[in-house]
Amino acid sequence: MPLEKAYAKIPGTTIFDVDMARRGYHLNQFCASLMKEQDRQRFQSDQRAYLDEWRMTEQQKQAVLDRDYNQMLALGGNIYFLAKIFSSDGQSFEQAAASMTGMSQEEYRSMMLSGGRSPHVDDQDVDQVDG
Amino acid sequence: MSHTPAIGAAIDLGKTQEEYWDPVFKGFEFSKAWIATEKPDVIFLVYNDHASAFSLSMIPTFAIGCSDSFEPADEGWGARPVPIVKGHSEFAWHIAQSVIQDDFDLTMINEMTVDHGLTVPLSLMFGTPKEWPCRVIPFAVNVVVYPPPSGQRCFCLGKAIRRAVEAFDEDLNVQIWGTGGMSHQLQGQRAGLINQKFDADFLARLQSDPKGLAKMPHLDYLQNAGSEGIELVMWLVMRGALDRDVETLHSFYHVPASNTALGHIILKNRAKRA
Chain A
581 MPLEKAYAKI PGTTIFDVDM ARRGYHLNQF CASLMKEQDR QRFQSDQRAY
631 LDEWRMTEQQ KQAVLDRDYN QMLALGGNIY FLAKIFSSDG QSFEQAAASM
681 TGMSQEEYRS MMLSGGRSPH VDDQDVDQVD G
Chain B
6 MSHTPAIGAA IDLGKTQEEY WDPVFKGFEF SKAWIATEKP DVIFLVYNDH
56 ASAFSLSMIP TFAIGCSDSF EPADEGWGAR PVPIVKGHSE FAWHIAQSVI
106 QDDFDLTMIN EMTVDHGLTV PLSLMFGTPK EWPCRVIPFA VNVVVYPPPS
156 GQRCFCLGKA IRRAVEAFDE DLNVQIWGTG GMSHQLQGQR AGLINQKFDA
206 DFLARLQSDP KGLAKMPHLD YLQNAGSEGI ELVMWLVMRG ALDRDVETLH
256 SFYHVPASNT ALGHIILKNR AKRA
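So the protein sequences, as listed, match chains A and B.
Going by the working numbering, the first residue of the first sequence is number 581, and it counts up by one from there.
Going by the working numbering, the first residue of the second sequence is number 6, and it counts up by one from there.
One chain only, chain A, in its complex shape (with noise of 0.2 Å):
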């Protein structure tokens, strides 16, 4: 009998179940090496050498070059371990949150300042994340 699946239904949000976590496995554990300065060092100075160290789908390592966090979520990124590309990119959680909405920093954050996304109107604003 297959797990059921009640959580794949809300809007704009990809949970990291059982299923992500082994369709993204090397993709979060590249992310994992980055909490080393010396990989990091190595991540920064060549980026696509560093990625072809590890067993990721082209498409994965596309979407770490090209920094599209929706589609690292996608594609069975963790946000916590994707967490490890944007500050060693120097990004705070917040830049890097505002990017996955669409929003620009300064949007997502005087939104966050008048009490954040509101949970009853974003399921009509929110397009339906593939996953």
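If you're looking for bench data, these hints aren't it; they were derived computationally from the structure.
Any given hint could turn out to be false.
[Unchecked claim] Facing chain B, a subset of chain A residues (Cβ under 10 Å, in silico):
| # | residue |
| --- | --- |
| 1 | M581 |
| 2 | P582 |
| 3 | A586 |
| 4 | T593 |
| 5 | V598 |
| 6 | M600 |
Every residue gets a Cβ at the ideal spot worked out from N, C-alpha and C, and that includes glycine.
Since chain A is already given, all that's left is putting chain B on it; use the hints.
Same frame as chain A, but now just chain B:
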């Protein structure tokens, strides 16, 4: 109480007086004064690791830190400049044995780093001391890979931890902290979700109806409190370790702390125990 890397950065970079952060830190003034008089010997700190100590190589659902020291983790921007966390090895091993015999299969960890999930709550409560003023037993709960443990499981685990603490020979002043949350979503197009009504209900029921609150299914957290709001199950470990009747010494709520609704509550058993 909630944690975010940005709170850690605000403390580490001396930005706590800035307009954006000032209200966050004001909410902890009572708590800092309170804990200075309480002087706990040990904090049993329930938190989640953010893919720092545990990558996808190993994903323990419940992990107890049994060693005497834990270094702050490098999460991708260098380790936070905070003191090494001193554990309580003997007490932690004791709790592990007691809780496992009580049917909760913990993973025992002797070598691990601790990330902002553990050190930011310490910074909020103790500021920037040269050394942390007490020992800390790190207790990591998986909320990274779905599914995390249920609220009910966390609540019952809290009760087992309480029994273990009470059975320890040494007379220690022990606090249990539940951290993470409140409503927030860090990923996807729905990032930035905050649900103040959900959070207010959660804080109220945490005191008055923890048994009912523990029954809330995962889906309700994900839908109403955002994908990362599910961290709130960790608060139920703390609540399970307390008496049914508790008093609220302090409660504080603020939006935003970066992407997150920050909640903080101090509960105390009403009856003084022998």
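Status of the hints after comparison with the structure:
1. M581: This interface hint is violated because 16 Å lies over the 10 Å limit.
2. P582: violated (15 Å)
3. A586: holds (5 Å)
4. T593: Holds, about 5 Å.
5. V598: Hint on A:V598: holds, closest Cβ of chain B at ~7 Å, below 10 Å.
6. M600: Interface hint status for A:M600: holds (8 Å vs cutoff 10 Å).
Hint violations for this structure: numbers 1, 2, all remaining hints satisfied.
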